[in-house]
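Enquirer: One-letter residues, chain by chain:
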Amino acid sequence: MTEFSQLVLSDYERGMLDGEAGPAAALAMRILARMAPLYGADRFIEVTKAHIDGIVYEGNAGLAFAEKLADSGGKVQVPTSLNVMSMDRTNWRQLGQEEQFATNARRLGYAYVRMGAVPTFTCAPYQTETAPVFGEQIAWSESNAVAYANSVIGARSNRYGDYLDISCALTGRVPASGLHLTENRKATHWFRLHGVSETLQQRDDFYPVLGYLLGQSVTNGVPVVEGLTAAATSDQLKSLAAAAASSGAIALFHVVGVTPEAPDLEAAFQGKPDVDPVMVTPALLRSIRKTLTTSGTDSVDVVAFGSPHASLRECTELSELMRGRHARSGMQVYVTTSRAVKEILARTGVLETLETFGTSVVADTCIAVAPLVRPGAKVLMSNSGKYAHYGPGIIGVESIYGSTAECVEAAVTGRAEVDDSAWQ
Amino acid sequence: MRIAGKSLVDGDAMGMALTTDTPLSFWGGVNPHTGEIIDRRHPLDGESIAGRILILPSGRGSCSASGVLLESIANGTAPAGIIVSETDPIIGLGAILGDELLDRVVPVVLVTPEERAAIPDGMPVRLLFGGSIEVGE
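As you go down the protein sequences, you meet chains A and B in turn.
Numbered by my numbering, the letters in the first sequence go through residues 1 to 424 in order.
Numbered by my numbering, the letters in the second sequence go through residues 1001 to 1137 in order.
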């Protein structure tokens, strides 16, 4: 009996299945072959980059898998970046991370580096030199990164879960399906901004809320947003992508006039729109914004920035708000970013400004995948839709969502004063 | 009641139905050490998925969900089986990894949304090889 007879396999792919490229590639190809039908695929296509999310230490089963692949000689076949790991490689002791946990997290990271992955350790790989280009077929993981790569860059990836990502990297293959194919990239849901002022559009807390709305409204599909009149920055689109990918499963969205596959509405729909628009009013956005806050009080114990990892520009803007001020005694303030960005911050003096304020600048990891928030903290305030979303489940705190400036004020006073008067 | 589902990850399993109309992310939504649902915004918050037949539209949210399902399978806190009404590669992957790496199968079966909604919570459910589902005693 020929296994996987329903799949069209090249000689190279069949050879990998048969073990000709070693046991690690064989296991990886076997996982891909079993997954292909779940993606509706009967063949594979080549990718030219991979980004690995399986680097987060979830437990011993994942560690055993990665070490099994590395020990049996697995090597990535394409340039491969790594997502956040579960520890800050240099400051883990100061941050109170436990020795055993750090050992496991380090072993997991090392297993992937042994397979040839680049130790980027960031959830914003699109803001590094490992970013893909328009039209490039890639195997990316990490929901926010996939949403950004597809939507803002126009590269092509499905959301590859933990351990499928390394399987793609070890084989250089993905199932030919979903967002790799042009016809699946057309818009299916239409959102039209209605009465949303440019002042509101330019607020830094606008984009996560818009993203959260898309994620909540579209279970399975490609939303297009029409009516954005203010120019959006990479960081704003990043926060939109991250929120859309946390509240739902969005892997691709279009913004007319902003993202590359949506110069106009017809391009986004690959023809005439076949659905009616949902009106996005300030009142709707305001109600969505409220759902990001779960805390019933305004008392704040932790303030966190940087999910996805803060860019150089975000850190610099934050330092301007923090300059000459100090967080309240006992307040935990975190900025999570990549080591590459942190090293630039150290050379430019921005790091000193952030640290003088009382901020822990954490590299390689984030507070959602590493238990950094100290026990006893009850309420987290963040300008990140993703941190606010995962506060209650993952971090174990209630959330308050606010703008960057409101978060800095809360760090100083210990009280959240969220002003939603602009959301009229 | 008997439903002819489509097997996404083949196997047989039995358990009490745990049903929801709301998609669930295993990452951030399930504690793999206990099997408890910990998503405060989810209607099943506080329930345990361990040993149940988990019946839901699909997963949602993070790509790390497959890793959490794999750890749950390793810890013995996973559902006995899963019924979805949308093909969900992230849940399917977790189950395939459990089979490939741990030799433990959590079957995943695809049904229509109407068939999914017809299965009452708390009923005994049996998943059979090939995708058939038996509901009730």
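Please note that a few of the clues may not be correct.
As the list claims (entries may be wrong) - These stretches of chain A come out as covered by chain B in the derived footprint (C-beta under 8 Å, 3 or more residues): (1) 159-169; (2) 328-340.
Unchecked claim - Cross-link-like lysine-lysine pairs, in silico, DSBU-like; alpha carbons within 35 Å at most: (3) A:Lys272 / A:Lys378; (4) A:Lys378 / B:Lys1006; (5) A:Lys68 / A:Lys186; (6) A:Lys290 / A:Lys378; (7) A:Lys186 / B:Lys1006.
It is worth saying that the hints were derived from the structure and are not from the lab.
Values in this document were obtained by computation on a predicted structure and should not be read as measured data.
Backbone N, C-alpha and C fix where the C-beta goes; we use that ideal spot for every residue, glycine too.
Enquirer: Each hint needs a verdict: does it hold in this structure or not?
Expert: Comparing the hints with the structure gives:
1. 159-169: holds (count 7)
2. 328-340: violated (count 0)
3. A:Lys272 / A:Lys378: The hint is violated at about 50 Å.
4. A:Lys378 / B:Lys1006: violated, 44 Å
5. A:Lys68 / A:Lys186: With a Cα-Cα distance of about 40 Å, the restraint between lysine 68 (chain A) and lysine 186 (chain A) is violated, given a limit of 35 Å.
6. A:Lys290 / A:Lys378: OK: lysine 290 (chain A) and lysine 378 (chain A) at ~19 Å, within 35 Å.
7. A:Lys186 / B:Lys1006: holds, 28 Å
Hint violations for this structure: numbers 2, 3, 4 and 5, all remaining hints satisfied.
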